[in-house]
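Undergrad: Listed here are the chains, written in short residue letters.
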Amino acid sequence: MSAPTLKTSPHLRGMKSVDVIMRNVVYALIPVSLFSVLQFGLSALALILVCTTVCIGTEHFFCLRAGRETTVADWSAAITGLLMALVLPPGFPLWMAAVASFVAIALGKQIFGGLGFNLFNPALIGRAFAQAAFTVPITTWTPGMAHRRFMEFIPTTLTPPFLQPDMEAFQAWVTGLKLDGYSGATPLAMMKFDRFETDTLELFLGTIASSAGESSALLILLGGGYLAWRKMLNWRIPTAVLGSAFVLSAVFYLQDSTVYPSPFFTLCSGGLMLGAVFMATDMVSSPVTPGGLWIYGILIGVMTVIIRLFGGLNEGVMYAILLGNAATPLINNLTQPKIYGAVKKRKEVKA
Amino acid sequence: MSDAHAVAAPSPFRLVATLAGIALFSGVLLSLTYEGTKPIIARKEQAALQAAVMEVLPGAVSQRSYQRNETGWVLLNEGAEGANLYEGLDADGNRVGFALTGEARGYADVIRILYGYDPEQKQVIGLKVLSSNETPGLGDKIEKDPAFQENFTALDASLEYPIRTVKNGEKEHPWQVDGISGATVSSKAVGKALRESTAQWVPVLDNAIEGGEVQP
Amino acid sequence: MSEEREALTMDTFTQGLWKDNPVFVMMLGLCPALAVTNTAANALAMGLATTFVLICSGLLVSLLRKVIPKQVRIASYIIIIATFVTMADYGIKAISLDLYKALGAFIQLIVVNCIILGRAEAYASKNTPLRAVVNGTGMGLGFTIALLSMGIIREVLGSGTLFGAQVMPDRFQPWSIFVLPPGGFFVLAGWLMLFSWLRQRNTKQEVA
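Residue numbers (numbering that gives the first Met the number 0), protein chains in the order written: chain A, 0 to 350; chain B, 0 to 215; chain C, 0 to 207.
Treat the hints with caution; some may be incorrect.
Some chain A residues near chain B, calculated using beta-carbon distances under 8 Å [what the hints assert, rightly or not]:
hint, residue
1, Thr134
2, Val135
3, Thr138
Cut-off 30 Å, straight-line C-alpha distance, at most; resulting in silico cross-link-like pairs (DSSO-like, lysine-lysine) [to be verified]:
hint, chain 1, residue 1, chain 2, residue 2
4, A, Lys177, B, Lys166
5, B, Lys37, C, Lys100
6, C, Lys125, C, Lys65
7, B, Lys43, C, Lys92
8, B, Lys143, C, Lys100
9, C, Lys203, C, Lys18
10, B, Lys143, B, Lys166
11, B, Lys121, B, Lys170
12, B, Lys170, A, Lys177
13, B, Lys121, B, Lys166
14, C, Lys100, B, Lys43
15, C, Lys125, C, Lys69
16, B, Lys127, C, Lys100
17, A, Lys230, A, Lys337
18, C, Lys92, B, Lys37
19, C, Lys125, C, Lys18
20, B, Lys143, C, Lys125
21, B, Lys127, C, Lys203
22, B, Lys170, B, Lys143
23, B, Lys127, B, Lys170
24, B, Lys166, B, Lys127
Far from chain C by the CB rule (all over 12 Å, computed), these chain A residues [said to hold, decoys possible]:
hint, residue
25, Tyr26
26, Trp94
27, Leu118
28, Ala129
29, Phe149
30, Ala171
31, Arg229
32, Phe251
33, Phe309
34, Gly310
35, Ala326
36, Gln335
37, Lys337
I should point out that these hints are in silico values taken from the structure, not numbers from a laboratory. Don't be surprised by glycine CBs; every beta carbon is placed ideally from N, CA and C.
Build out the structure end to end from the sequences listed, making use of the hints.
TA: Right, dumping it as structure tokens:
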């Protein structure tokens, strides 16, 4: 399964099995996860543990119910859990994170028949559910590097199940941190509503308000580079996503730099980097042909920029990737390699 | 339709007659219903309008409707249709202000608002969201959040500075609307609706009052 | 037309409530079932409006079943149904403007609700007026119950209220997804799962 693209036959199977690849993805995610714990402290740690545990538990439960051998050992549920935690705000109430993780595996994966059959990236299904269900908590951002972050939780983290987080306590906590100029908005929101562009270097290194694991573009690229080097990640997808987002935002930026953000800002802000490297590259929900991968990546990159610049939302990576996932069967169909010598005719395609 | 051939096909006349008969019956039934419900609906619509006007013009107990034609503003009789300006009067018959509408694109759909404008103070004195489709729990706060509604008890609309929505907690001037945190798009849309509507209406109203078309 | 000689049984009524429930079993009328069940009140009003149209059009179609020639029957049914839908439309507007605003175009869209044309064609046009009315009432109530059972869940989970009154604790976190369109699909899927599970269990018991 090395470089998982489909070309004309003969198809040679690589030596790597699912669990080896998945295990390496986990390795690649470790620096990002560690950084998020460093940045947001206990709350980020708890978020990662809860999401991963619930994802693995849900996977196990569904396998048992379906009378199948459990697929927990292939690490895929663990990855979903990790990614789930990394795309949520660090102070997200744990019970909501647990619900989102359950939905990710149950509705995003098991309902389709488990790994290999899901149409969409499970972690993003969970994120989309949380976005629609818990609108306020999912847009409540916390400052990183709070000085007591290893001693105490962010107040919203420990909200009792089914209750709303106590926003007053949260506000008091933020005020207590005495941060100058902290507005609780992510760089993308500041860009969208106030035309304030955060310094790109800060974004690259990750010292800003963000989801738990989206902040450091550097570490994400490091993890992605490792996977690409081991040929466990198709370099075409991140290249196409980031490249098309860069080009499109550069076009707008050159037209009017007072209104549109710079292309570097576009690349390093929000979840674009994490999405391009770890989510769009999900082997199950992305196309299989080299040409298809380019189309898919460009679709995601372009959609992200369009949603960010012209949509009501300030972040569009999640919906862009989900749309890309939805288009995958169609892309596969369109970019199908021709059979040598065959007469052109319509034929049934099994996805 | 194999059956149709077995039985002798009815004459075209009968087909037309049946349909015409049913249509006639339907017409009678509908006009009866229409006649029966029309006064009730009109009364309810009037009451709803009245209630909305009174909500945005605190202190108003009755209202007058105006319509614009080629010559200027004409006072309409109560219940007449086609009004595009409402004036709220207090118990002594003095004018409290005018109720005006505005709209702007929100997060999910167009937000339509009705607001009260006091031409003497040149202030917005009340606001009601007529229709919106904002996210429940977030954007729909523009409809009921008391802190947000507080913005519209004395909002400067003299047009010296255009009305603007600012970030939550950053309101400094009387022409600024304090936004809702987390619902930036929706609260900005309300500000935009007010800005555009006041820019259009305030000069028109000033002229109408000066010209005596609207009773002082 | 042997059916006409059958006696009026309990089944005529309960058919629509359980065995052939329009939404949960026959999967008809899913459009209003998904669109206007975001609160219990909307669901109830929609269900009752549909029931009214079902009963009235059923009665009229059944009365005219020997008069209407086959060739123009669909056209006739549509006129009859549209008449009652328009009446319901005026009626709801006269009862409450807020309700009318909340239900929007879905009142007029009752015209194209397959349950109603389906009942007119498959039942009322072949049965006596009494049976048509009883069956239409059952179907309408089945539809209302289905809508209401979705509306209640969506309103309680999505806004923490029931018929507008607070039922959940003060600091309950409303799952706003349930009052949004995707929530309609989730709740419908949940009910369908429950129904097919119940039916499967019943069939197994009958076999055993």
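Undergrad: Now, for every hint given, state plainly whether the structure supports it.
TA: Each hint, compared with the structure:
no. : hint                : result
1   : Thr134              : 4 Å, holds
2   : Val135              : 6 Å, holds
3   : Thr138              : 5 Å, holds
4   : A:Lys177 - B:Lys166 : 19 Å, holds
5   : B:Lys37 - C:Lys100  : 17 Å, holds
6   : C:Lys125 - C:Lys65  : 9 Å, holds
7   : B:Lys43 - C:Lys92   : 9 Å, holds
8   : B:Lys143 - C:Lys100 : 18 Å, holds
9   : C:Lys203 - C:Lys18  : 16 Å, holds
10  : B:Lys143 - B:Lys166 : 18 Å, holds
11  : B:Lys121 - B:Lys170 : 19 Å, holds
12  : B:Lys170 - A:Lys177 : 21 Å, holds
13  : B:Lys121 - B:Lys166 : 24 Å, holds
14  : C:Lys100 - B:Lys43  : 13 Å, holds
15  : C:Lys125 - C:Lys69  : 12 Å, holds
16  : B:Lys127 - C:Lys100 : 16 Å, holds
17  : A:Lys230 - A:Lys337 : 26 Å, holds
18  : C:Lys92 - B:Lys37   : 9 Å, holds
19  : C:Lys125 - C:Lys18  : 20 Å, holds
20  : B:Lys143 - C:Lys125 : 53 Å, violated
21  : B:Lys127 - C:Lys203 : 58 Å, violated
22  : B:Lys170 - B:Lys143 : 19 Å, holds
23  : B:Lys127 - B:Lys170 : 20 Å, holds
24  : B:Lys166 - B:Lys127 : 21 Å, holds
25  : Tyr26               : 34 Å, holds
26  : Trp94               : 9 Å, violated
27  : Leu118              : 15 Å, holds
28  : Ala129              : 9 Å, violated
29  : Phe149              : 28 Å, holds
30  : Ala171              : 17 Å, holds
31  : Arg229              : 38 Å, holds
32  : Phe251              : 31 Å, holds
33  : Phe309              : 22 Å, holds
34  : Gly310              : 17 Å, holds
35  : Ala326              : 20 Å, holds
36  : Gln335              : 32 Å, holds
37  : Lys337              : 39 Å, holds
Consistency note: the structure conflicts with the earlier hints numbered 20, 21, 26 and 28.
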